[in-house]
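Chain by chain, the residues:
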Amino acid sequence: MTAYPLTVATFLLAAAIYIWAALRVGKARGTHKVQAPAVTGHPEFERIFRAQQNTAEQLIIFVPLLFLAAAYWGDAAGAIYGVIWCVGRILYITTYAADAQKRTAGFMITALSSILVLLGLAITLVVRAF
Amino acid sequence: MTAYPLTVATFLLAAAIYIWAALRVGKARGTHKVQAPAVTGHPEFERIFRAQQNTAEQLIIFVPLLFLAAAYWGDAAGAIYGVIWCVGRILYITTYAADAQKRTAGFMITALSSILVLLGLAITLVVRAF
Amino acid sequence: MTAYPLTVATFLLAAAIYIWAALRVGKARGTHKVQAPAVTGHPEFERIFRAQQNTAEQLIIFVPLLFLAAAYWGDAAGAIYGVIWCVGRILYITTYAADAQKRTAGFMITALSSILVLLGLAITLVVRAF
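Chains as they are written, first to last, in our numbering: chain A, 35 to 164; chain B, 35 to 164; chain C, 35 to 164.
Any given hint might turn out to be false.
Any copy will do: because identical chains look the same in the list, a pair fits if it lies in one copy or spans two.
[Said to hold, decoys possible] Taking lysine to any residue and the SDA-like style, the derived pairs with C-alpha atoms no more than 25 Å apart in a straight line are:
| id | residue 1 | residue 2 |
| --- | --- | --- |
| 1 | K67 | I53 |
| 2 | K67 | M35 |
| 3 | K67 | V121 |
| 4 | K67 | F141 |
| 5 | K136 | A111 |
| 6 | K61 | D109 |
| 7 | K67 | I51 |
| 8 | K61 | T158 |
| 9 | K67 | A156 |
| 10 | K136 | L47 |
| 11 | K61 | L153 |
| 12 | K67 | R162 |
| 13 | K67 | A139 |
| 14 | K61 | I149 |
| 15 | K67 | W54 |
| 16 | K67 | L40 |
| 17 | K136 | P71 |
| 18 | K67 | E78 |
| 19 | K61 | A50 |
Hints were generated in silico from the structure; no laboratory data involved.
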C-alpha cells in the first residue's frame, strides 16, 4: 500500500471525515439529550445519526474499492476516486443534518462513484483474463 | 491484490450484492412510506433494512478475511470462500425479507464460513511461526 | 499481508472479539425476548446491541489503519496498535452491557488509538513526500 501514497492520503481523509461524522453524533446526543443506548428521540439527532451510519455503510466498500482502483489503474486513479468520494460525503453529512430531503446530491456522488469503480474493475478483470 | 483475480472477482460480486441489498431498502422506503431518517414503521421494511444492515456487519470482516485467505492459501481458496459467502448472503437477503424466522440458513452459511476461515488462518499463522 | 504475521494475528483477534460481541446480541435476543427484526424493547438488549454496532463502526477504519501501520512502520507497530485496540474493545463491550455511563474508558482507548495512528500516518506521508 506504500506504493500508492496519494490513494493512502485520500483514505486518511475519508477516515477523518468519518470520525468527524461520529463526533457530530456525540455532540448531538448532548444538544438534544438523547442518552445512549437510544438512537431516536429528536429529528435532528436522528438525521445526524443516520448520516454517520450511512457513511459507515458506504465506507465498507469504498476502502477495498479504493485500494483495488490504485492497484489496477495506478495511484492517481485511486486518488481521484478518493477525492470525489470525500467531497460527496462532506456534502451528504452537512445537507442531511439540515434536511433529509436535501441529502440526495451528496449521496449520489459517493454511491455512483463507487458503482462506477466497481463496474470498471469488473471490466478490467474480464479484459485482463483474455 | 492484482495477483488474486478470482478472489477480487468474488469481492466485486459481494459488493454488488451489498449494493443490491441497499437498493432494496431504498425501494422499500417508497413502498411502505418510511421516510428517512426513520428506520422503523413497517414490518417488511424493517426486515429488508435489517438484512442490509447485517450484510454490512458481516462484510466488515469478510473482506479482510477474503484477501488474507487468498494471501495465505492462494487465489482459488479465496474465491471458494467468496462464492460460498455470496450464495449464503443472497439466500439470507431474500429469505429475511419474506420471514424473519427463515433467515437462519443463509445467515449460518456466511457466518460459519467466516468463522472457519478465521480459525484456519489462526492455525496457519501458528504453524508458520514454528 | 503475509509479511506482517503479528499484525494479522491481532486482526484475527479483533475479528474474534467482534464475532463474540455479535453472539452476545443473539443471546440477549433470547434472554430478553427481542425478536428480529426489532432492535429495541429491553434496556440491556439495547446496550449489548449498541456495543456490537459501535464495534462494527470502529472496525471499519481499524482494519485499514492496522495494515497501513504495519506497512509504514513495521509488523511490531501494527501489532501494538492491534493489541491496544483489542483490550479497549473488550473493556468497552463488557462495561457497556452493565451500564451505558461506564463505556467511556473502553471507547476512548480504541477511538484515541485509531485517531493517533491516523495522524501518525498523515505525518509519515508528508515526511516521505519531502
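Checked hints:
1. Proximity of K67 to I53 under the C-alpha cut-off of 25 Å is restricted to the intra-copy arrangement: shortest distance 21 Å within a copy versus 31 Å between copies.
2. Within a single copy, K67 and M35 get their C-alpha atoms no closer than 42 Å, and across copies no closer than 44 Å, so neither meets the 25 Å cut-off.
3. Neither within a single protomer nor between protomers do K67 and V121 lie at most 25 Å apart by alpha-carbon distance, with minima of 30 Å and 30 Å respectively.
4. For a Cα distance limit of 25 Å, the shortest separation of K67 from F141 across copies, 20 Å, qualifies, whereas the shortest one inside one copy, 28 Å, does not.
5. Within a single copy, K136 and A111 get their C-alpha atoms no closer than 29 Å, and across copies no closer than 43 Å, so neither meets the 25 Å cut-off.
6. Proximity of K61 and D109 under a CA criterion of 25 Å is satisfied in neither setting, with 36 Å inside one chain copy and 36 Å between copies.
7. Within a single copy, K67 and I51 get their C-alpha atoms as close as 24 Å, which meets the 25 Å cut-off; across copies the closest is 31 Å, which misses it.
8. Neither within a single protomer nor between protomers do K61 and T158 lie at most 25 Å apart by alpha-carbon distance, with minima of 44 Å and 30 Å respectively.
9. With identical chains, the CA atoms of K67 and A156 are never at most 25 Å apart, being 46 Å at best within one copy and 35 Å at best between copies.
10. In this homomeric assembly, K136 and L47 come within 25 Å of each other (Cα to Cα) only inside a single copy, at 23 Å, whereas the closest approach across copies is 31 Å.
11. Taking CA atoms no more than 25 Å apart as the test, K61 paired with L153 passes between copies only; the shortest distance there is 22 Å, against 38 Å inside one copy.
12. Taking identical chains as interchangeable, the C-alpha atoms of K67 and R162 are never at most 25 Å apart, the minima being 55 Å within one chain and 45 Å between chains.
13. Taking the shortest alpha-carbon separations for K67 and A139, only the inter-copy value of 21 Å comes in at or below 25 Å, while the best intra-copy value is 30 Å.
14. For the homomeric pair K61 and I149, the shortest alpha-carbon distance between copies (18 Å) is at most 25 Å, but the shortest distance inside one copy (32 Å) is not.
15. Proximity of K67 and W54 under a CA criterion of 25 Å is satisfied intra-copy only: 20 Å inside one chain copy versus 31 Å between copies.
16. Proximity of K67 to L40 under the C-alpha cut-off of 25 Å is found in neither arrangement, the shortest distances being 40 Å within a copy and 42 Å between copies.
17. Proximity of K136 and P71 under a CA criterion of 25 Å is satisfied inter-copy only: 12 Å between copies versus 28 Å inside one chain copy.
18. When the C-alpha separation of K67 and E78 is checked against a cutoff of 25 Å, the pair qualifies both within a copy, at 11 Å, and between copies, at 20 Å.
19. Taking the shortest Cα distances, K61 and A50 sit within 25 Å of each other inside one copy (16 Å), while across copies they are farther apart (31 Å).
Violated hints for the displayed structure, listed by number in ascending order: 2, 3, 5, 6, 8, 9, 12 and 16.
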